[in-house]
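Protein chains: 2
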Amino acid sequence: MTSLFQNLFQKKVSGGKIKDYSEMPTIEGMEISAVSAGLYNSKRDDVCLFYFKDGAIFSGVYTKSSTRSVCIDWNIKANKKNIKALLVNTRNANAFTGKQGLDSIIELSKLFISTRKIKEKEILFASTGVIGQPFPLQKIKSVVPELIEKLKRPIKLSWIKQALAIITTDTFAKMSCAVVQSSSDFINIAGIAKGAGMIAPNMATMFGFIFTDVKISQTVLNQMLKRNVENTFNAITVDSDTSTNDMVLLFSTQKAKNREIKDINSPAAKKFEKALNEVMLDLAKQVVLDGEGAKKFITVNVTGASNNNSAKEVAMSIANSPLVKTAAAGSDPNWGRILMAIGKTNEKVKKEKIEIKIGDFLITKYGMIAPSYNEEKVKNYMLGDNILFDVNLNLGKGKFTAYTCDFNAEYIAINADYRS
Amino acid sequence: MTSLFQNLFQKKVSGGKIKDYSEMPTIEGMEISAVSAGLYNSKRDDVCLFYFKDGAIFSGVYTKSSTRSVCIDWNIKANKKNIKALLVNTRNANAFTGKQGLDSIIELSKLFISTRKIKEKEILFASTGVIGQPFPLQKIKSVVPELIEKLKRPIKLSWIKQALAIITTDTFAKMSCAVVQSSSDFINIAGIAKGAGMIAPNMATMFGFIFTDVKISQTVLNQMLKRNVENTFNAITVDSDTSTNDMVLLFSTQKAKNREIKDINSPAAKKFEKALNEVMLDLAKQVVLDGEGAKKFITVNVTGASNNNSAKEVAMSIANSPLVKTAAAGSDPNWGRILMAIGKTNEKVKKEKIEIKIGDFLITKYGMIAPSYNEEKVKNYMLGDNILFDVNLNLGKGKFTAYTCDFNAEYIAINADYRS
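Chains as they are written, first to last, in my numbering: chain L, 66 to 485; chain W, 66 to 485.
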């Protein structure tokens with residue numbers, strides 16, 4: 066399985082439920098569990114634990130928000146090696162919770178320290194939910210023994226439960242995986258994600274958690290996460306808003322039998338990185354696909370920019386434009402709005418060089434509408450669920466692909482009415 | 066009349082029509098006319114002319130879009146003194162129209178050159194409408210004689226007709242005016258605007274046209290327009306999108322009997338500038354009030370930023386956030402979203418210093434929710450039509466006030482369905 070996204074896409078747009086998670090692998094050295102702490106006043110699982118008996122190395126990428134959650138401050142200070150646990154809760158973001166928020170995770174960490182002989186810097190936290198509400202320490206604390214008791218190994222069939230325990234307003238569990246053949250054995254990669262909005266209503270978070278058993282150096286792990294986040298999780302947008310809690314964490318238990326990857330340019334590294342990128346992109350696309358109210362998946366492909374950064378700025382400007390996204394919702398080939406979104410960036414475009422395609426249809430060339438343009442045909446294309454906006458600025462070699470969804474009345478309904 | 070906005074606000078939110086335009090003044094040396102060129106296949110006025118028999122000096126501020134309309138390229142090259150005419154059309158933006166677009170305005174300018182002895186660089190153009198469609202030269206050309214024939218003076222009662230001729234999806238005409246007493250006489254200021262979206266559906270433009278008879282130097286006129294645009298037309302946002310055609314033009318016929326204003330720091334300059342700012346702010350607020358689908362007017366007041374630029378970045382981040390705007394639509398005091406919007410800027414905020422008020426209600430202080438916070442009361446306040454978000458970052462003296470509207474299902478309906 067390289068892309069659950071393709072599979073999901075078919076099912077989501079036809080209204081079906083996602084069933085195919087049987088290929089998710091076991092990651093040696095890892096145990097997982099999920100329980101309900103009653104945070105939603107229901108029995109749904111809302112707290113979960115990822116446990117690495119012999120430790121794991123990890124790398125993290127976090128929201129750049131300056132009002133970020135205390136979890137992120139905590140994780141940044143954690144050890145990079147020998148991580149033993151990641152505890153995730155929903156319903157409360159532990160952001161803007163002051164001293165009570167920090168004291169709470171200190172107290173939770175102590176529970177693990179005393180029962181599992183873990184050090185303070187060997188445990189990570191991730192929270193998603195309402196900002197500024199007191200952290201529900203007692204409820205979460207009371208289920209930690211149960212979480213530890215329920216830890217499962219092998220984990221193959223428990224992924225779905227885990228993926229469901231981290232979501233908020235998501236409509237399906239987001240999972241992806243890959244298997245890479247090494248010289249001596251197989252390397253497994255498994256990931257789960259949580260989305261719903263770029264930030265969901267006031268459930269404010271995107272999470273990406275990726276686990277592998279690859280033997281790899283800390284340095285290469287860091288490099289790989291950093292550069293593969295750029296064209297996956299950092300290439301998607303639902304509503305241009307940035308969460309206080311976003312994080313992508315990549316763990317390796319180092320249990321596979323491959324020769325340790327120490328050089329990011331080695332053939333083994335490249336092979337692994339390709340699979341890692343596929344898993345991350347697949348998860349990222351699933352987040353967009355489940356964007357609040359989303360009915361259409363939109364790919365914005367920008368080439369010919371003066372450099373890759375400019376290409377990203379242009380692609381994100383198009384992908385974030387409410388006018389482009391509402392036009393998509395209405396299946397309206399309103400390409401003037403794409404042009405507007407290009408124009409508002411810092412890229413020094415030349416009008417007469419811009420080529421815009423919608424799907425395979427050429428829209429503009431030489432600074433004006435293409436003679437072959439046929440609105441009826443393009444409109445027909447845009448009635449579909451999977452839309453490509455392809456922009457060639459013809460200035461240089463910069464390129465970037467962004468992913469987004471349409472912007473429709475359902476987004477408004479979800480976000481205006483959420484808490485009432 | 067200093068603020069038609071207040072008046073409009075009462076009428077708009079109670080569903081009434083705007084009637085009070087009787088105070089709009091005559092600007093000596095200026096004539097106006099509006100006719101229908103059938104651009105909408107209806108009889109509504111869609112082309113209008115502003116004519117300065119003895120010339121006017123002017124200053125312009127234009128969209129920063131790199132895919133801007135050919136009108137803007139044209140106007141930038143025009144003379145600054147002795148401007149004789151401004152021709153405005155709706156329905157077609159003359160953007161991305163290639164050679165045909167430029168040739169069209171050259172041909173229109175020739176009509177004026179031959180019949181009115183105007184030079185090419187003494188005429189300005191403003192277009193708003195669909196991007197990328199061939200410019201309707203013949204239709205507009207055919208009504209120029211009628212426009213010239215219908216020029217009216219005094220213009221006092223013709224403003225409403227003119228203001229209605231420049232709108233597209235706006236629901237009311239936007240006008241404002243002021244009278245300033247000088248040592249020897251009165252100075253008049255009259256302005257009209259067009260909005261509907263920051264850019265309207267694919268009617269892509271905000272216009273602000275302000276006319277005065279003040280005797281003033283070109284230098285001071287330029288300085289005044291530039292600095293007063295910052296906290297008026299550049300302080301509003303409907304949907305964060307930037308048009309290819311936005312422009313604000315300030316004309317002076319120099320017919321008033323005041324002593325020429327040559328120093329922007331003189332008392333006479335300050336008195337005039339205050340009135341000019343009021344007119345510009347009034348028009349800008351009317352544009353927001355008429356934002357597509359807008360039901361609520363939102364003021365975002367940021368103080369205590371490290372500098373004014375940072376304050377503007379924070380204010381616009383809040384004002385542009387779809388999540389903040391949808392929360393406003395739902396009258397939901399979801400202040401975590403305000404915090405999120407603050408956090409995603411470059412301002413180096415200190416969480417524990419941020420004070421947020423909604424109306425007069427203190428929401429956060431010392432990095433957590435204020436003990437006095439009462440959600441019921443704040444929700445009740447947010448049910449109103451006029452909402453204030455007040456943020457003090459307590460870092461420095463930077464401040465900025467932005468204006469926006471809520472984001473609701475009607476915006477989506479207008480923009481998704483517009484062209485079909």
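The hints are simulated quantities; they were obtained by calculation from the structure and are not laboratory data. Being a predicted model, the structure only gives us computed values, none of them experimental. Incorrect hints may appear among the rest.
Identical chains share a label here; the pair holds if one copy fits it or two copies do between them.
[To be verified] Here are the computed lysine to any residue pairs in the SDA-like style, where the Cα-Cα straight-line distance is at most 20 Å:
#1 K322 / N144
#2 K360 / E475
#3 K430 / D168
#4 K186 / K226
Evaluation of the provided hints:
| no. | hint | result |
| --- | --- | --- |
| 1 | K322 / N144 | neither (24 Å within a copy, 76 Å between copies) |
| 2 | K360 / E475 | both (9 Å within a copy, 18 Å between copies) |
| 3 | K430 / D168 | between (60 Å within a copy, 19 Å between copies) |
| 4 | K186 / K226 | neither (27 Å within a copy, 71 Å between copies) |
The structure shown violates the earlier hints numbered 1, 4.
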